[in-house]
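Asker: According to numbering that gives the first Met the number 0, the sequence shown is numbered sequentially starting from 0.
Be a bit skeptical, because a hint or two may be false.
Unchecked claim - Below are the DSSO-like pairs computed for lysine-lysine, each with C-alpha atoms no more than 30 angstroms apart in a straight line:
hint	residue 1	residue 2
1	Lys-56	Lys-23
2	Lys-7	Lys-79
3	Lys-79	Lys-56
4	Lys-62	Lys-97
5	Lys-79	Lys-6
6	Lys-79	Lys-4
7	Lys-79	Lys-9
8	Lys-79	Lys-62
9	Lys-23	Lys-9
10	Lys-97	Lys-56
11	Lys-6	Lys-23
12	Lys-7	Lys-23
13	Lys-97	Lys-23
14	Lys-97	Lys-79
Unchecked claim - Label-pair restraints from in silico Cβ distances:
hint	residue 1	residue 2	range
15	Glu-26	Tyr-83	32 to 40 angstroms
16	Lys-62	Asn-3	40 to 48 angstroms
17	Lys-6	Glu-26	30 to 38 angstroms
18	Glu-1	Asp-94	34 to 42 angstroms
19	Asn-61	Glu-1	41 to 49 angstroms
20	Gln-84	Leu-22	25 to 33 angstroms
These aren't lab readings, by the way, just hints derived from the structure by calculation. We treat Cβ as the ideally placed atom computed from N, Cα and C, and that holds for glycine.
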Amino acid sequence: MEENKMKKSKHNISLLYRALLALKTEEECEAFLEDLCTPQELDAMAQRLSVAVMLSKGAVYNKIVTETGASTATISRVNKTLTYQTAGGYEVVLDRIKSDD
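Based on the sequences and whatever the hints tell you, model everything.
Answerer: And the structure:
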């Protein structure tokens, strides 16, 4: 039974990835994520990305806390992912949004 649950979860996650890749504009992305996520979920994801941006620019924890409102635990988790446990996603996104600036 657990194996079936894992297959469904993988299928659902793959569907989410395909849905995100199907979006063509920032407006489409905004509409989809607002429909999909609660405001708190969206805020949490946006906050983690802001933390990752600041960490990649060398910001210290105190400044990140002040500017983002993130807890030190959240900052530490993002930093750990950036430093040790990365799947490469943050790096790709940070590189691409940096080139948009």
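Asker: Each hint should be assessed against the structure and marked as holding or not.
Answerer: Consistency of the hints with the structure:
{"no.": "1", "hint": "Lys-56 x Lys-23", "in the structure": "holds (28 angstroms)"}
{"no.": "2", "hint": "Lys-7 x Lys-79", "in the structure": "holds (29 angstroms)"}
{"no.": "3", "hint": "Lys-79 x Lys-56", "in the structure": "holds (15 angstroms)"}
{"no.": "4", "hint": "Lys-62 x Lys-97", "in the structure": "holds (20 angstroms)"}
{"no.": "5", "hint": "Lys-79 x Lys-6", "in the structure": "holds (28 angstroms)"}
{"no.": "6", "hint": "Lys-79 x Lys-4", "in the structure": "holds (29 angstroms)"}
{"no.": "7", "hint": "Lys-79 x Lys-9", "in the structure": "holds (24 angstroms)"}
{"no.": "8", "hint": "Lys-79 x Lys-62", "in the structure": "holds (18 angstroms)"}
{"no.": "9", "hint": "Lys-23 x Lys-9", "in the structure": "holds (24 angstroms)"}
{"no.": "10", "hint": "Lys-97 x Lys-56", "in the structure": "holds (11 angstroms)"}
{"no.": "11", "hint": "Lys-6 x Lys-23", "in the structure": "holds (28 angstroms)"}
{"no.": "12", "hint": "Lys-7 x Lys-23", "in the structure": "holds (27 angstroms)"}
{"no.": "13", "hint": "Lys-97 x Lys-23", "in the structure": "holds (19 angstroms)"}
{"no.": "14", "hint": "Lys-97 x Lys-79", "in the structure": "holds (21 angstroms)"}
{"no.": "15", "hint": "Glu-26 x Tyr-83: 32 to 40 angstroms", "in the structure": "holds (36 angstroms)"}
{"no.": "16", "hint": "Lys-62 x Asn-3: 40 to 48 angstroms", "in the structure": "holds (47 angstroms)"}
{"no.": "17", "hint": "Lys-6 x Glu-26: 30 to 38 angstroms", "in the structure": "holds (34 angstroms)"}
{"no.": "18", "hint": "Glu-1 x Asp-94: 34 to 42 angstroms", "in the structure": "holds (37 angstroms)"}
{"no.": "19", "hint": "Asn-61 x Glu-1: 41 to 49 angstroms", "in the structure": "holds (44 angstroms)"}
{"no.": "20", "hint": "Gln-84 x Leu-22: 25 to 33 angstroms", "in the structure": "holds (27 angstroms)"}
Consistency note: the structure conflicts with none of the earlier hints.
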